[in-house]
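Take these sequences, add in the hints, and give me the full structure.
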Amino acid sequence: MRRMALVASLLVAAAMPARAASEADFKAAYAIAEAAEKEAGSLRNQWVTTEATLSAARKAAEKGDFDGAIASAKEAEALARASIFQATSEKERWKDAEIR
Amino acid sequence: MRVVVAFLSALVTAALAAGVIAQGAPASDAPDPAADARAFRDYFVKKFPKSKLEDFVNGPYSMNEDMRRQWQGKEEFPPYEFALEAGKEMFTKPFKNGKTYADCFENGGVGVRQNFPYFDARQGEVVTLELALNRCRSANGEEPLSYVKDDMASLTAYMAFTSRGKPFDIKMPDDPRARAAYENGKRYFYTRRGQLNFSCASCHVQSPGERLRAEILAPALGILNAMPIYRSEWAGMGTISRRFVTCNSQTRAIPEEPQSEDYRDLEYFLSYVSNGLPISGPGARP
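Protein chains in written order, with this note's numbering: chain A, 1 to 100; chain B, 1 to 286.
Treat the hints with care, since some could be wrong.
BS3-like cross-link-like pairs, simulated, lysine-lysine; straight-line CA separation at most 30 Å [to be verified]:
#1 K91(A) to K46(B)
#2 K91(A) to K47(B)
#3 K95(A) to K88(B)
#4 K166(B) to K88(B)
Among chain A residues calculated to face chain B with C-beta under 7 Å, some are [said to hold, decoys possible]:
#5 V48
#6 T49
#7 E90
#8 E98
#9 R100
Which chain A residues stay away from chain B? Per the calculated CB distances, all over 12 Å, these [stated by the list, open to error]:
#10 A20
#11 A21
#12 E23
#13 D25
#14 A36
#15 E62
#16 K63
#17 A71
#18 K74
For the record, the hints were derived by calculation from the structure and aren't laboratory data.
We put the CB at the ideal spot given by N, CA and C, even for glycine.
Following this line, the structure appears as structure tokens:
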């Protein structure tokens, strides 16, 4: 009986449409991306692409496309984190390229 | 026994003395701008044994015979000629207070390009020619010019033209702040940035003479001697500030503000390691 109830609830859940992303979801994802980009800025190593992707996220949100906006915000966050990694690793690594 | 003690004592003394000497000797990576400049020059001379040393100031033309011939043809009617005329006019036209740029520079500003940038001990910072021109304007009640637009390019073109052939003579004062500025410029030059993960050195040390799309990359040695430049790609003149900003954008990095501390230090480094090479600006590039 318990197994039947479990199967039934799973079937109901699967039949329900996936929840569309909300404005609140976008704002949360955007805030994370923006914080990462701010950190890259403090290292003076922001990328043009990160700024463009953040801008794309805002524009999608303005149109009410929160799924697209969240995807862009997450991409921007990944780009910002890559720029932070670059700035951090280059603090010492630049010396390897120096002409001596 | 006494002999053994004396021998051990001598050994310890020698070991200590060696330690003191080792400590006292400079570390191999201690900053040495003069040694940097020698190594910089040697690198390019070895990389391009067919190029004459003074030819490095001609950028890609020093390493490609076809382009060199095109450039020599262009020099008969140089594309920067209009900028030279405009620059001379601006340079000699009095400010509202009656003074001119000549009042702000040694030798009336004629034949002085090779001395910029310099380290200003009073302000504790690197002063470039572009910065000095705007400070001259501000001191005389004029609005500063944009560092990336035509007026600044014209003024610096005229000043470079009056200095052609004079070797870069960038001083490194015995001042730890000057050394720090130089080191910061060097760090900036070799640091990778932007989504494309390029440093200035990626193009201008590791790949000069190679093509980047339609362009042939210039060697870093002597790269500022030809500034400002007329670029066919820009269809106009460009200052050193414009060049730095554009280079950063091309690697998909957010550029710094023109004449930021990093950019001025970078100019200090690049100019210092090109000491002795002649000013050839204004230049023309594809």
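Check the structure against each numbered hint from earlier and tell me which ones fail, lowest number first. The structure breaks only hint 3.
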